[in-house]
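S.K.: Given only the sequences and the hints, what does the whole structure look like? Please build it.
Residue numbers (the working numbering), protein chains in the order written: chain A, 24 to 73; chain B, 745 to 972; chain C, 279 to 510.
Worth flagging that the hints you see were computed from the coordinates, not collected in a lab.
It is possible that some hints are incorrect.
[As the list claims (entries may be wrong)] When the alpha-carbon atoms are kept at most 25 Å apart in a straight line, the in silico PhoX-like pairs for lysine-lysine are as follows:
#1 K58/A to K71/A
#2 K32/A to K349/C
#3 K71/A to K505/C
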Amino acid sequence: MLPYAVSIKYMIGGYIVIFAILFGYLISLFVRWRKLRQDLRTLEEMQKRQ
Amino acid sequence: MERESTAYFKAIGAIVWKDLAAELRSRELLSAMLVFAMLVILIFNFAIELQPSLRATITPGVLWVTFAFAGTLGLNRSMAIEKDRGCLDGLLLAPVDRSAIYFGKALSNLAFMLIVELIVLPVYSLLYNTNLFNPGLLLTILLGSIGYVAVGTLLASMAVQTRTRDVLLPILLFPVILPILMAAVKTSGGFLQSAPMETIWPWLNILIVYDVIFTAVAFMLYDSVVEE
Amino acid sequence: MRSQPKGLTFMTILSGLLFLGALWMVFVYAPLEAVMNYVQKIFYFHIANAWVGMLGFMAAAVAGIVYLVKKDMKWDIVELAAVEISLVFFSITIASGSIWAKPSWGTWWTWDARLTTAAILEMIYLAYLLLRQGIEDPEQRARFGAVYTLIGSLSVPITFFSIRIWQTIHPAVIGAGSSSAVGSFGMTPKMLATMFYCLGTFSVIFVTLLWYRIRLGVLAERVEQIKLQVME
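M.R.: Shown next as structure tokens:
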């Protein structure tokens with residue numbers, strides 16, 4: 024039986040990595056969305072002026 | 745119908761002939777590939793201890809890595825020449841099915857690769873005192889090169905049209921031709937060590953299956969890659 | 279494109295709830311495994327991500343074929359979204375698998391069929407993204423992307439089987455005898471239930487993320503179009 028201290032350490036490490044990648048991606052989606060929205064607003068204004 | 749098929753084969757022949765004739769005059773492609781292949785073998789000499797006892801097991805690996813890298817060079821140059829000289833546009837205007845262009849280019853790429861391989865073999869044999877004139881090995885080299893060139897021609901046609909060009913082809917090609925590399929190395933090793941056919945056969949099978957599937961798929965997809 | 283469709287809001291809430299449920303299943307419901315103790319719990323999310331990643335890859339290939347047949351840009355957006363999310367799921371798979379492997383097999387990595395194929399798959403995804411990055415014309419990008427997805431998805435199964443055959447001749451796993459991790463411990467019914475629950479959860483999460491990513495792709499396309507109009 025793998026000692027508790029070792030086992031729990033790796034499990035926590037594993038889940039931290041899983042969450043980091045998953046939520047990191049969600050954040051990247053959100054950031055990209057916001058940036059595109061901003062670009063859209065800017066471009067639409069430029070279009071109005073034309 | 746008769747005339748259509750002869751026109752098709754004539755087109756393929758014309759492309760192959762054009763490439764071979766051009767190469768005969770300039771020799772830029774073959775010399776680049778050969779020098780590169782020799783350098784790779786040289787580097788291997790220092791990177792891996794090619795002791796006599798290990799040679800039998802390492803030779804197939806060294807050979808196929810060399811061929812894979814030299815092959816990339818050839819594919820890149822071959823398609824780049826096509827694009828740079830505007831030959832591709834000329835070929836596309838011809839009233840022949842686009843797949844003829846694919847077969848033509850693939851065949852000439854195959855020819856160049858085989859020429860390089862056939863020169864590397866005796867050189868390697870001399871340098872490492874190993875007899876590589878084994879009919880099984882020659883068959884393997886042929887089959888492996890066919891698969892490599894089948895996929896490589898398609899991917900090179902794509903890569904040459906991107907901004908990143910030369911760098912992109914190996915990135916696209918290598919993950920996809922791993923089955924060929926594995927099967928070719930195993931088959932070559934088997935033939936060189938005169939292993940029983942039952943051990944070689946599964947690998948030879950993979951090689952043949954891969955060749956058939958990917959030549960068919962690449963031929964069907966080529967149209968999508970050269971539209972203008 | 280202004281507000282979120284109700285369906286998506288529903289999927290998001292569902293995903294969140296299922297995910298919380300999955301955490302409960304993994305950490306509370308599922309029993310401790312006899313040999314590996316706590317670290318085995320990584321397995322549930324690891325397997326879920328692996329399976330869904332594979333399905334995502336196949337979805338990308340199908341989207342590619344449909345694009346080549348119909349030439350409708352919608353399918354290109356779907357294909358890119360599927361590849362990107364599968365890439366994320368596979369990254370999770372490889373990372374979690376590696377962390378699970380260290381205490382289980384004594385090594386962070388081993389060149390067995392599954393791991394090697396997973397690594398190759400990641401490389402094909404990355405090659406796909408690099409290919410797209412190097413092309414400016416959207417139509418050409420879509421065409422080439424679809425072609426590469428097809429070639430990639432055809433080669434992966436052949437690669438997997440080739441490595442398997444390679445391995446039977448040269449078993450190269452250090453440590454544990456069998457490198458097929460799933461079979462290395464017996465699963466009680468509760469564990470099985472947890473595994474299937476996580477599989478379902480991540481499938482729902484995949485679809486939700488796909489939907490979001492497709493919306494992002496549509497927005498990106500719109501921005502590109504207006505950009506071209508304004509620059510003229």
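S.K.: The structure should be examined with respect to each hint, and the outcome stated for every one.
M.R.: Status of the hints after comparison with the structure:
1. K58/A to K71/A: 20 Å, holds
2. K32/A to K349/C: 51 Å, violated
3. K71/A to K505/C: Holds, because 13 Å separates the two Cα atoms, which is no more than 25 Å.
Violated hint for the displayed structure: number 2, the only one.
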